[in-house]
Amino acid sequence: MSFDLINFSSPLVKKIAVDSLMETNDLSSQYGLTLTREQAVELSDTRFAALSDNGLFELRGGAAEKIIKTFCSSGYIMPDNYASVLNELLELFYYIKTAVNNVIPDDELIKQLDYLYNDVCRGSMDLLTGRETENLIRNINYGKHYKDRVDLSEEAEDENEDEQ
Amino acid sequence: MNDIIKKPLIPDGSLKVCGYFTALCEAAANVGLINEYSMQQLQIRTLELLDSQIRSYTNDSTTSVPSELAKELMDSVFYCIGLALREYRTPEEGVSALLNNDILALFGAGRQLAKKKLSDFKNFFPRVLRENEHIKSQAYEWLVQKEVPLYVRKYNPVFFAHMNPDFVTYPLCYEHIDAEGIEYAREYIDRLYYENKFISYFDTKAVLAVLSSYSKSYRSVVFNLFSVVFQTALGCVIANRDPRELFLTRDDNNNNLAVLTGMDSTGVEKLLLDASQALFDIVGARGVGMKKYICQCLTDITPVVMYGIKIGNLNNIFVSYDDTKKKGLE
Numbered sequence: 001m002s003f004d005l006i007n008f009s010s011p012l013v014k015k016i017a018v019d020s021l022m023e024t025n026d027l028s029s030q031y032g033l034t035l036t037r038e039q040a041v042e043l044s045d046t047r048f049a050a051l052s053d054n055g056l057f058e059l060r061g062g063a064a065e066k067i068i069k070t071f072c073s074s075g076y077i078m079p080d081n082y083a084s085v086l087n088e089l090l091e092l093f094y095y096i097k098t099a100v101n102n103v104i105p106d107d108e109l110i111k112q113l114d115y116l117y118n119d120v121c122r123g124s125m126d127l128l129t130g131r132e133t134e135n136l137i138r139n140i141n142y143g144k145h146y147k148d149r150v151d152l153s154e155e156a157e158d159e160n161e162d163e164q
Numbered sequence: 001m002n003d004i005i006k007k008p009l010i011p012d013g014s015l016k017v018c019g020y021f022t023a024l025c026e027a028a029a030n031v032g033l034i035n036e037y038s039m040q041q042l043q044i045r046t047l048e049l050l051d052s053q054i055r056s057y058t059n060d061s062t063t064s065v066p067s068e069l070a071k072e073l074m075d076s077v078f079y080c081i082g083l084a085l086r087e088y089r090t091p092e093e094g095v096s097a098l099l100n101n102d103i104l105a106l107f108g109a110g111r112q113l114a115k116k117k118l119s120d121f122k123n124f125f126p127r128v129l130r131e132n133e134h135i136k137s138q139a140y141e142w143l144v145q146k147e148v149p150l151y152v153r154k155y156n157p158v159f160f161a162h163m164n165p166d167f168v169t170y171p172l173c174y175e176h177i178d179a180e181g182i183e184y185a186r187e188y189i190d191r192l193y194y195e196n197k198f199i200s201y202f203d204t205k206a207v208l209a210v211l212s213s214y215s216k217s218y219r220s221v222v223f224n225l226f227s228v229v230f231q232t233a234l235g236c237v238i239a240n241r242d243p244r245e246l247f248l249t250r251d252d253n254n255n256n257l258a259v260l261t262g263m264d265s266t267g268v269e270k271l272l273l274d275a276s277q278a279l280f281d282i283v284g285a286r287g288v289g290m291k292k293y294i295c296q297c298l299t300d301i302t303p304v305v306m307y308g309i310k311i312g313n314l315n316n317i318f319v320s321y322d323d324t325k326k327k328g329l330e
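If you read the sequences in order, they're chains R and C. Using this note's numbering, you'd call the opening residue of the first sequence number 1 and step up by one each time. Using this note's numbering, you'd call the opening residue of the second sequence number 1 and step up by one each time.
Among the hints, erroneous ones may be present.
For lysine-lysine, the following PhoX-like pairs were computed, each having C-alpha atoms within a straight-line distance of at most 25 Å [said to hold, decoys possible]:
1) R:Lys-69 to R:Lys-14
2) C:Lys-146 to C:Lys-117
3) C:Lys-115 to C:Lys-136
4) C:Lys-146 to C:Lys-115
5) C:Lys-136 to C:Lys-122
6) C:Lys-71 to R:Lys-14
7) R:Lys-15 to C:Lys-146
8) C:Lys-71 to R:Lys-66
9) C:Lys-117 to C:Lys-71
Bear in mind the hints are in silico, worked out from the structure with no lab data behind them. For clarity, every value in this text was computed on a predicted model and none was experimentally measured.
If we strip away everything but chain R, and leave its shape as in the complex, we get (with noise of 0.2 Å):
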């Protein structure tokens, strides 16, 4: 028997995965949405695949836990979709967050998240994945809301000051 537990190919990392997915059914079956045993499975699995592409680490439900208890009250999203939107709202979430080195906490990339697909993109997938995504990115490296940005700010008004 082995205790090497940092390994997505641990059965029991998981099914424990799994499990945590299967629970959300019961807030997510409120809005008439609910994760087979297959789909979760399949959820997992993308999930531990985008984890490990990004080189990152999670354990249990993790960000999909919040994403699905973010978007299950969607209006865009109905039962035939709804493993597959989570599927690619799961791998957009970890490309954002190493695309922008981790800055931003889960709950607040969520939001953001639940803003263009609903607000802005009207629950289009492809103009989320392809010109939001971009925008946010950049948003978030060079917006004004993080904290990254006042350094840069702070780097800018040095260099001003510099030069006068």
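Following the hints, put chain C in place on chain R, whose structure we already have.
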């Protein structure tokens, strides 16, 4: 019948200090003390602990962290639990604690132990410095002035209790240490203390003469100061000279070579061990820990002596220098 002693399923000392927690779990599983279900429960509880460490480390702002960081946090969890488990009298008592106690409590106890060991380390370190105020090299000074204080400042028993120090500038005579984290650091400076203590038994001038004969620019060359002094003292004992003077001529070393030639490494190690015991008596060395460490050093010194025998030259191992230089130093 009352004299029959039950043989332990996991003998004391059979597990390495490094990676003790996982080694104990695996050994316990192998002898049937932990079944598959209990093992899985342990793993689940450990993962929950890791999850809470990740959340705490990131201030709950993210659930995902770089894999390398997760690995470090997990190693620290394992290390702290291992520290707590080693406090039990036997490995089997440790297994029982694992199965019956909350793993969080064991982790907390281990973390407290790491903090205590850090505090002990800080208190002990000035003693190491006091033992050697005159015999220094640049590498030694870099170790005690920069590397050790930096480690003490950066050591984090909460998240990275397992982290080993980067004591890379100054080598010890015997460097193999079966320990991790603050225990590794403590073992390192314990050994440094023994080395300094041993050097302090000799006259400073004699030590400086040996070191400058070994290397004129000994202050800027990286080598272990103790091993040069110790080896020379051993050479003196073998040559029937007073080791306290640390003085050997080339003729003495030729005689030493004649004594040693033809011996195999076991014979040489035995002779060096006997010489060490004689040396302890002559210089009045006390302390079981120091004697034990110095005898351990012979494991690394014996091959050096064997090489000297092979090339027919012991002058740089049992450092020799001529009489005129000695008189000059006086």
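Against the structure, the hints:
no.: 1; hint: R:Lys-69 to R:Lys-14; in the structure: 20 Å, holds
no.: 2; hint: C:Lys-146 to C:Lys-117; in the structure: 20 Å, holds
no.: 3; hint: C:Lys-115 to C:Lys-136; in the structure: 31 Å, violated
no.: 4; hint: C:Lys-146 to C:Lys-115; in the structure: 21 Å, holds
no.: 5; hint: C:Lys-136 to C:Lys-122; in the structure: 21 Å, holds
no.: 6; hint: C:Lys-71 to R:Lys-14; in the structure: 17 Å, holds
no.: 7; hint: R:Lys-15 to C:Lys-146; in the structure: 47 Å, violated
no.: 8; hint: C:Lys-71 to R:Lys-66; in the structure: 24 Å, holds
no.: 9; hint: C:Lys-117 to C:Lys-71; in the structure: 23 Å, holds
Figure legend: structure checked against the earlier numbered hints; hints not met, in rising order: 3, 7.
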